[in-house]
Amino acid sequence: MMGEISYLLFQAVLAASCMALVFYGVFFVKQKEKIRTIARLILIAAGVLQTLYILFRYLQSGYTPITSQHETIVFFAWSVTWAYLSFRWRYTVKNFGTFISLLVFILLLIAAIASRSINPLAPALQSWWLPIHAGIAVISYGFLALAFCGGIMYLLQEYELKSKRFGYFFTRLPSLESLDQLNSHCLAIGFVFLTLGIITGSIWARQAWGTYWHWDPKETWSLITWFLYAAQIHQRFSAGWRGKRAAIMAVIGFASVLFTLWGVTYLLGGIHSYAQ
Amino acid sequence: MPSDMILLLGVNHKTTPLAVREQLALGNGYEQPLHALRGIAGCKECYLLSTCNRVEILVVAQEDAQVEAHIARLLFGDSVAPEKHQDYLYIYRNDAAIHHLFMVSTSLDSMIVGEAQILGQLKEAYRHAAELKCTGPVLNKLLHKSFSVAKRVRSETLIGASAVSISYAAVELAKKIFGNLQDKNVLLIGAGEMAELAAEHLVGQGVRKVVVANRTLSRAMDLAKRFNGSAVSLDELFSQLEQADIVISSTGAPNIILHKQDVKPIMRARRNEPIFFIDIAVPRDLDPELNDLDNVYLYDIDDLHNVVEINKSERDKEAIKARRIVDEEALKFLSWLDNLSVVPTIAALRKKADTICQVELERTLCRLQLSPEEQKAIEKMALAISSRLLHDPVSFLKNDSCKEQHDIKVEMIRAAFNLMDKN
Numbered sequence: 015m016m017g018e019i020s021y022l023l024f025q026a027v028l029a030a031s032c033m034a035l036v037f038y039g040v041f042f043v044k045q046k047e048k049i050r051t052i053a054r055l056i057l058i059a060a061g062v063l064q065t066l067y068i069l070f071r072y073l074q075s076g077y078t079p080i081t082s083q084h085e086t087i088v089f090f091a092w093s094v095t096w097a098y099l100s101f102r103w104r105y106t107v108k109n110f111g112t113f114i115s116l117l118v119f120i121l122l123l124i125a126a127i128a129s130r131s132i133n134p135l136a137p138a139l140q141s142w143w144l145p146i147h148a149g150i151a152v153i154s155y156g157f158l159a160l161a162f163c164g165g166i167m168y169l170l171q172e173y174e175l176k177s178k179r180f181g182y183f184f185t186r187l188p189s190l191e192s193l194d195q196l197n198s199h200c201l202a203i204g205f206v207f208l209t210l211g212i213i214t215g216s217i218w219a220r221q222a223w224g225t226y227w228h229w230d231p232k233e234t235w236s237l238i239t240w241f242l243y244a245a246q247i248h249q250r251f252s253a254g255w256r257g258k259r260a261a262i263m264a265v266i267g268f269a270s271v272l273f274t275l276w277g278v279t280y281l282l283g284g285i286h287s288y289a290q
Numbered sequence: 126m127p128s129d130m131i132l133l134l135g136v137n138h139k140t141t142p143l144a145v146r147e148q149l150a151l152g153n154g155y156e157q158p159l160h161a162l163r164g165i166a167g168c169k170e171c172y173l174l175s176t177c178n179r180v181e182i183l184v185v186a187q188e189d190a191q192v193e194a195h196i197a198r199l200l201f202g203d204s205v206a207p208e209k210h211q212d213y214l215y216i217y218r219n220d221a222a223i224h225h226l227f228m229v230s231t232s233l234d235s236m237i238v239g240e241a242q243i244l245g246q247l248k249e250a251y252r253h254a255a256e257l258k259c260t261g262p263v264l265n266k267l268l269h270k271s272f273s274v275a276k277r278v279r280s281e282t283l284i285g286a287s288a289v290s291i292s293y294a295a296v297e298l299a300k301k302i303f304g305n306l307q308d309k310n311v312l313l314i315g316a317g318e319m320a321e322l323a324a325e326h327l328v329g330q331g332v333r334k335v336v337v338a339n340r341t342l343s344r345a346m347d348l349a350k351r352f353n354g355s356a357v358s359l360d361e362l363f364s365q366l367e368q369a370d371i372v373i374s375s376t377g378a379p380n381i382i383l384h385k386q387d388v389k390p391i392m393r394a395r396r397n398e399p400i401f402f403i404d405i406a407v408p409r410d411l412d413p414e415l416n417d418l419d420n421v422y423l424y425d426i427d428d429l430h431n432v433v434e435i436n437k438s439e440r441d442k443e444a445i446k447a448r449r450i451v452d453e454e455a456l457k458f459l460s461w462l463d464n465l466s467v468v469p470t471i472a473a474l475r476k477k478a479d480t481i482c483q484v485e486l487e488r489t490l491c492r493l494q495l496s497p498e499e500q501k502a503i504e505k506m507a508l509a510i511s512s513r514l515l516h517d518p519v520s521f522l523k524n525d526s527c528k529e530q531h532d533i534k535v536e537m538i539r540a541a542f543n544l545m546d547k548n
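Chains P and L, in that order, are what the protein sequence lines are.
15 is the number of the first residue of the first sequence in the working numbering; add one for each residue after it.
126 is the number of the first residue of the second sequence in the working numbering; add one for each residue after it.
Extracted from the complex, chain P is given alone in its bound form:
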């Protein structure tokens, strides 16, 4: 019974995200305000459904659902969605929603393919540090994903402005300055969460494994990611790195995030790789 409800709930999440993507896509083509309003409402609904699904899975399994591949990605999609919606509440960036809803949908598709079985929680993870450490880390990924989307949009728009060939995107993408600002804001928030994620992980490691840091591949890659973002933020404030360079860095940083999340688990292994 619980399993069936959970299954249906995830299908609803997938359907709602798909609908949001479709409406944002239509809005992107037609640029009609009314369609955007509908798209936004659907995305909010999708966000609510995602939250319900995560809560339901928590009740079902009895621990924070952020350990298996499926759970992690759903949580990732959830954090991207709500990071965007919280951002959207502060200020609008033209057609940002289209890119975000595409990313969310892709993430949920991957989650749909991954195994949804509920495994017993590994002994090392049976701690209240789990939701804190993993939750904070994935929330940081959500904001860094926003910076990534902003970076892609920046590069598209910059390319059109520089090459002076104005294609489909030119009218539909926002100004370079607003995208650069978006990049810098999302990065600032994402970086704070990333730092907190590493610190909480380190404290938990001390409790679980005895040392704060022991160069597990996941830890190493998190540190590499952290340094990439730290360097970028440092350069922005000291040398005025902005625009194209910042956008490229946001894309590279996010690639590193994805590698930390998946690449490490599947390619490098290590004691951190619980989600198999």
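Do not rely on the hints blindly, as some may be mistaken.
Pairs of lysine-lysine, BS3-like flavour, derived with a Cα cap of 25 Å [unchecked claim]:
#, chain 1, residue 1, chain 2, residue 2
1, L, Lys505, L, Lys477
2, P, Lys108, P, Lys176
3, L, Lys442, L, Lys139
4, L, Lys139, P, Lys178
5, L, Lys442, P, Lys46
6, L, Lys501, L, Lys476
7, L, Lys266, L, Lys476
8, L, Lys442, L, Lys270
9, L, Lys139, L, Lys209
10, P, Lys178, L, Lys385
11, L, Lys457, L, Lys248
12, L, Lys385, P, Lys176
13, L, Lys300, P, Lys108
14, P, Lys176, L, Lys389
15, L, Lys457, L, Lys270
16, L, Lys266, L, Lys169
17, P, Lys46, L, Lys300
18, P, Lys258, L, Lys385
19, L, Lys169, L, Lys258
20, P, Lys44, L, Lys442
21, L, Lys300, P, Lys44
22, P, Lys108, P, Lys178
23, L, Lys523, L, Lys457
24, P, Lys258, L, Lys300
25, P, Lys176, L, Lys300
26, L, Lys270, L, Lys523
27, L, Lys446, L, Lys248
28, P, Lys258, P, Lys178
29, L, Lys300, L, Lys334
30, L, Lys300, P, Lys178
31, L, Lys389, P, Lys258
32, P, Lys176, L, Lys139
33, L, Lys389, P, Lys178
34, L, Lys266, L, Lys248
35, P, Lys44, P, Lys108
Counterexamples of contact, computed for chain L against chain P with all Cβ distances above 10 Å [stated by the list, open to error]:
#, residue
36, Leu143
37, Arg163
38, Ser355
39, Gln500
Think of the hints as simulated: they come from the structure by calculation, not from any bench.
Remember, predicted model here, so these are calculated numbers, not experimental data.
Using N, Cα and C, we set each Cβ at its ideal position, and we do this for glycine too.
We have chain P; now place chain L onto it with these hints.
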């Protein structure tokens, strides 16, 4: 008139790249080129339009003369070999020339369809030609007509609703780079009219500050006053570039005034704040390689063309209406032109009749002793006879039924009434 034709030769942004247009001999000023044009054998009336997007020459000339080749040589000077002229040059004759002129004046042929600037440029060009007495009855009428066609298009279509030429395109681009222009500074290099127009639009968007840098400081100050800005000399250019966000360059300098290696250190000083260069000068003021620098965006007038394409589909609908008006007006003008040969013939005919009446009346009246009323009656009778006699030939001339044979009719009447050597 039958042996005269209206001839229009020119180059524009569509046929000729900027690099060639920069080299044109007739590209600068009006006075000297107009004198040269008037000197061409067989050329009766002439007029020259020279803007940054086009150079066009309109003449009324004898059909048999080698005028076309002459003008082409004058236009290109030594910059282009004669056999290559036809790659760039377009030549329109008579009805096509009239049609083209109307297309230009209504901005349908402009880089940015719907812009209003071209009409001002046309009027100024006409003023120059008229002052030098280069234009005659045909071009006077034709050019005035082109102005009124432009007005008609403007009032009957929405063609100007979304575009105001280069300045409009510049503002559009600036918005794509900066989003909000309210905290941006504008630097004008050169105090020309084009720069003024572009700046006007930016100020309309609420930019924070306008600085004018010019070779002659007094002109810079005049312009700066208009925008509540400040004026600086060209020597301060580099330090000003550190503050400016949008730079519009329109000097008459023959060479590039700002090179890539000059701007590179400025970008460092600006901490990579984006800067938008608009080069509306011909020849160009700014090094095209500036665009390769990060956070530097450079557009010259040819580039601005593309920006405007975006709004084109909207305007295309209006342009169809405008084109119909142009076609209509061109036809109307053609029929006026056809009548032109009729009108002087009728005038000559009436004049001849009047002269005969006057001579004969004088001769008769001084022999007879008549009261003033009787004199008046006789005068009246003489005029009535002559005008009733003339009524038929005049209406024969004015008759529209066989338009193609106007020339023959005019010839016939002139021969029959011996009007040949007058006019």
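Against the structure, the hints come out as follows:
1. Distance restraint check for L/Lys505 and L/Lys477: the Cα-Cα separation of roughly 17 Å lies within the 25 Å cut-off, and the hinted pair is therefore satisfied.
2. Distance check on the hinted pair: P/Lys108 and P/Lys176 sit about 20 Å apart at the alpha-carbon level, within 25 Å; holds.
3. Simply put, L/Lys442 and L/Lys139 have alpha-carbon atoms about 21 Å apart, close enough for the 25 Å limit, and the pair holds.
4. Of the supplied pair hints, the one linking L/Lys139 and P/Lys178 holds, its CA atoms being roughly 17 Å apart against a limit of 25 Å.
5. Taken as a hint, the L/Lys442 and P/Lys46 pair is honoured in the structure, with Cα atoms around 21 Å apart against an allowance of 25 Å.
6. For a cut-off of 25 Å, the pair hint linking L/Lys501 to L/Lys476 stands: about 20 Å separates their Cα positions.
7. The straight-line distance between the Cα atoms of L/Lys266 and L/Lys476 is roughly 24 Å, inside the 25 Å bound, and the hint therefore holds.
8. The suggested pairing of L/Lys442 with L/Lys270 holds, with an alpha-carbon distance near 24 Å, which does not exceed 25 Å.
9. Taking the CA atoms of L/Lys139 and L/Lys209, the gap is about 16 Å. The hint holds against a cut of 25 Å.
10. Note on P/Lys178 and L/Lys385: the hinted pairing holds, with a Cα-Cα distance of about 19 Å set against a maximum of 25 Å.
11. Distance check on the hinted pair: L/Lys457 and L/Lys248 sit about 21 Å apart at the alpha-carbon level, within 25 Å; holds.
12. Taken as a hint, the L/Lys385 and P/Lys176 pair is honoured in the structure, with Cα atoms around 16 Å apart against an allowance of 25 Å.
13. Restraint check for L/Lys300 and P/Lys108: satisfied, since their Cα atoms lie roughly 13 Å apart, inside the 25 Å limit.
14. The hinted pair formed by P/Lys176 and L/Lys389 meets the criterion: a straight-line CA distance of about 17 Å does not exceed 25 Å.
15. The hinted pair formed by L/Lys457 and L/Lys270 meets the criterion: a straight-line CA distance of about 10 Å does not exceed 25 Å.
16. With a C-alpha separation of about 15 Å, the suggested pairing of L/Lys266 with L/Lys169 holds against the 25 Å cut-off.
17. The suggested pairing of P/Lys46 with L/Lys300 holds, with an alpha-carbon distance near 21 Å, which does not exceed 25 Å.
18. Using a Cα cut-off of 25 Å, the hinted pair P/Lys258 and L/Lys385 holds, with the two alpha carbons roughly 19 Å apart.
19. Simply put, L/Lys169 and L/Lys258 have alpha-carbon atoms about 11 Å apart, close enough for the 25 Å limit, and the pair holds.
20. Distance restraint check for P/Lys44 and L/Lys442: the Cα-Cα separation of roughly 19 Å lies within the 25 Å cut-off, and the hinted pair is therefore satisfied.
21. Only pairs whose Cα atoms come within 25 Å are accepted, and L/Lys300 paired with P/Lys44 is accepted, the gap being roughly 21 Å.
22. At most 25 Å may separate the alpha-carbon atoms for a hinted pair to count; P/Lys108 and P/Lys178 meet this at roughly 21 Å.
23. Proposed proximity of L/Lys523 and L/Lys457 is supported: the alpha carbons are some 16 Å apart, at most 25 Å.
24. For the hint linking P/Lys258 to L/Lys300, the alpha-carbon distance of about 17 Å falls within 25 Å, and the restraint holds.
25. Between the alpha carbons of P/Lys176 and L/Lys300 the distance comes to roughly 15 Å, so the proposed pair stays at or under 25 Å and holds.
26. Distance hint between L/Lys270 and L/Lys523 is fulfilled; the C-alpha atoms sit about 22 Å from each other, no more than 25 Å.
27. For the hint pairing L/Lys446 with L/Lys248, the CA-to-CA distance comes to about 24 Å; that is within 25 Å, so the pair holds.
28. The suggested pairing of P/Lys258 with P/Lys178 holds, with an alpha-carbon distance near 16 Å, which does not exceed 25 Å.
29. A distance of roughly 16 Å separates the Cα atoms of L/Lys300 and L/Lys334; the hinted pair therefore holds under the 25 Å criterion.
30. With a CA separation close to 15 Å, the supplied pair L/Lys300 and P/Lys178 stays within the 25 Å bound.
31. Taking the CA atoms of L/Lys389 and P/Lys258, the gap is near 16 Å; set against the 25 Å cutoff, the hint holds.
32. For the hint pairing P/Lys176 with L/Lys139, the CA-to-CA distance comes to about 22 Å; that is within 25 Å, so the pair holds.
33. Pair hint L/Lys389 plus P/Lys178 holds up; C-alpha atoms about 21 Å apart against a cutoff of 25 Å.
34. Restraint check for L/Lys266 and L/Lys248: the C-alpha separation of about 13 Å stays at or below 25 Å, so the hint holds.
35. At roughly 13 Å between alpha-carbon atoms, P/Lys44 and P/Lys108 fall within 25 Å of each other, so this suggested pair holds.
36. With 10 Å as the threshold on Cβ separation, the claim that L/Leu143 sits away from chain P holds: the shortest Cβ distance comes to roughly 13 Å.
37. No Cβ of chain P comes within 10 Å of the Cβ of L/Arg163; the nearest lies about 41 Å off, and the non-interface call holds.
38. Look at L/Ser355: its CB is around 25 Å from the nearest CB on chain P, clear of 10 Å, so calling it non-interface holds up.
39. Every CB of chain P lies more than 10 Å from the CB of L/Gln500, the least distance being 82 Å, so the non-interface label holds.
Hint compliance for this structure: every hint is met.
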